[in-house]
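Residue numbers (our numbering), protein chains in the order written: chain A, 118 to 375; chain Y, 276 to 344.
To be clear, the hints were calculated from the coordinates, so they are not data collected in a lab.
There may be inaccurate statements among the hints.
Here are some of the chain A residues that sit facing chain Y, going by a computed Cβ distance under 8 angstroms [said to hold, decoys possible]:
1) Thr132
2) Ser156
3) Leu162
4) Trp173
5) Phe349
What follows is a set of in silico ranges between Cβ atoms, one per label pair, in the way DEER data are often shown [what the hints assert, rightly or not]:
6) Y:Asn277 x A:Gln256: 28 to 34 angstroms
7) Y:Gln317 x A:Gln163: 22 to 28 angstroms
8) Y:Lys281 x A:Asp293: 52 to 58 angstroms
9) A:Met118 x Y:Gln317: 30 to 36 angstroms
10) Y:Ser322 x A:Leu252: 38 to 44 angstroms
11) A:Arg333 x Y:Ala302: 26 to 32 angstroms
12) A:Pro282 x Y:Lys281: 53 to 59 angstroms
It should be emphasised that the depicted structure is a prediction, and the values quoted were computed from it without experimental measurement.
Heads up, the beta-carbon is just placed ideally off N, CA and C, and yes, glycines get one too.
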Amino acid sequence: MLYGQAFSSRLLLGTSRYPSPGVLQAAVRLAQPAMLTASLRRQNLQGGDAAPNHFWAMLAELNVPVLPNTAGCHSVAEVITTAHMAREVFATDWLKLELIGDDYTLQPDTLNLVDAASRLIKDGFKVLPYCTEDLVLCQRLVDVGCQAIMPWAAPIGTGKGPINPYALRTLRERLDVPLLVDAGLGLPSHACQVMEWGFDGVLLNTAVALAQDPVRMAGAFAHATQAGRAAFLSGVMPEHHSAQPSTPVLGTPFWHQT
Amino acid sequence: MNTTLKVWINDTPFDLPATATLADAVAQFALKPPFAAAVNLQFVPNSQYHQTPLHEADRIDLIAPVTGG
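Same shape as in the complex, but just chain Y (with noise of 0.2 angstroms):
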């Protein structure tokens, strides 16, 4: 059993605990409020960062604000 899977944030491949969630995968950056986090394409609330399990190859997307037109 693989103790380790391989997920991308952000476009980047990262290595993470097999058990890992999302809340472990935004931990590991030193993120300042606001932000917003998705998994492959699913918008997941920060309320659920710790119930939302990852699996090998998910796809995460960490979002702030910037200006926009």
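So here's chain A without its partners, still in its complex pose (with noise of 0.2 angstroms):
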């Protein structure tokens, strides 16, 4: 549930660096997400282009919920300007909010997210901004009006999986928002393990659309996540230093006592 919305499934997909538009189609097909990322960038002017747009026309085509992002974007200005024309291309409030701070590793700028978060929410957007793990930050998210957060789990792109577990654990621990955990995801043990500690989704790209086999790797996350979910869900054992035996040690053949 997001901003009152119910959704299907708790993973959402990127849809950029797919070998082809097909593979991208038949990975979307099966891990059936419950929404699809997209951008914007500058049209093509050279030669008067009248090309028709494929992109769009397979995202209608695919009919699943569309979250535009604010790639690229470096300042306030630029992410509401950005957010507004999104609005009007895909006709559609949701906005995956990006303020990058650093070109290298792709870092939010958490000095200005918030505020950028602010105007948006003010705007009528409902943001789901992207940010890093910094639990004040992601209060101060949640005060001007997220009601949902999206903390990385490593740098964009690296696959590393979750690198500070702890500050993950305790924003779950913290936050009663949805959090979904969005970029850095490389293998779906990586989904699992966030979905285990009580993430209500994840959101990844490039662990799909980089696998030598995207559209397996697509059902492979869309399982993890909801294996994680279903074990959160069941409620996990408690982890103990000693061994304990499974199998019954009463009645064991041959036992004597020493």
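Assembly of the complex is requested from the two constituent chains, each provided in isolation within its own frame, with the hints serving as guidance.
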């Protein structure tokens, strides 16, 4: 449930870097994600380009809700303008807020993210902010009206998995809003892990798109996400330092008191 | 009085009539919807293109949907 809207999946999928549009399409059909992320870039104007937008046609055909992003924005002004352009193009209030503060790590600009989120919320957007795992930052984002938060697991496209489990788990313990881990997941087990910790969903792109078989990997992530959620809801057993025999000890054959 | 003005559309210079609006700038290209426009980093809704006069050195961005993560 995000901003009062229910979704049938806890997996959100990016649409970039696939080997072909056909592979992307097949991956989406198999994984059945809740949303697909998309972006905006300048039109190619050379020669009065009148070519139809094949990506747009594919999105319409897939009929999965679109989550536009503000990727590449480096200032609050750029974010605000891009968001409004996205709303007109995609006809949706949903927005993945990206405000980049460092081009090398693609780390969000944490000092201006809250201001950007606050303005977008006032403009009626359903903001899903891509942010670091910093507790105070995430709390401030909630304070200005974000009804869901998307902390990174690791820098975008690294596939490292959760590099700061303590901070992510602390976030989960301290915040009541839906939390989706966005960016840095490389393996289905990473997705499963954060879902086991109680995160509400995952957003990933590169881990699927750059797999040798992206379609199969999309399915693997969908299963892993479901498995992690089921495990969280099941209640995980307490961890013990010493071995605990699972086979009953009473009546063990050939056993003699020493 | 100048009869033309120079504007930048997607970072490329163009000469337009001095009375040009954003609608005139967009009409130069056979753009397929959907697309959106901004002038000097200010979003301009599609319904306002005809009411948006352009000025010398304006910077226009015309954007379209692409894949994203």
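Original post:
Which numbered hints turn out to be false for this structure?
Top reply: 5, 6 and 11
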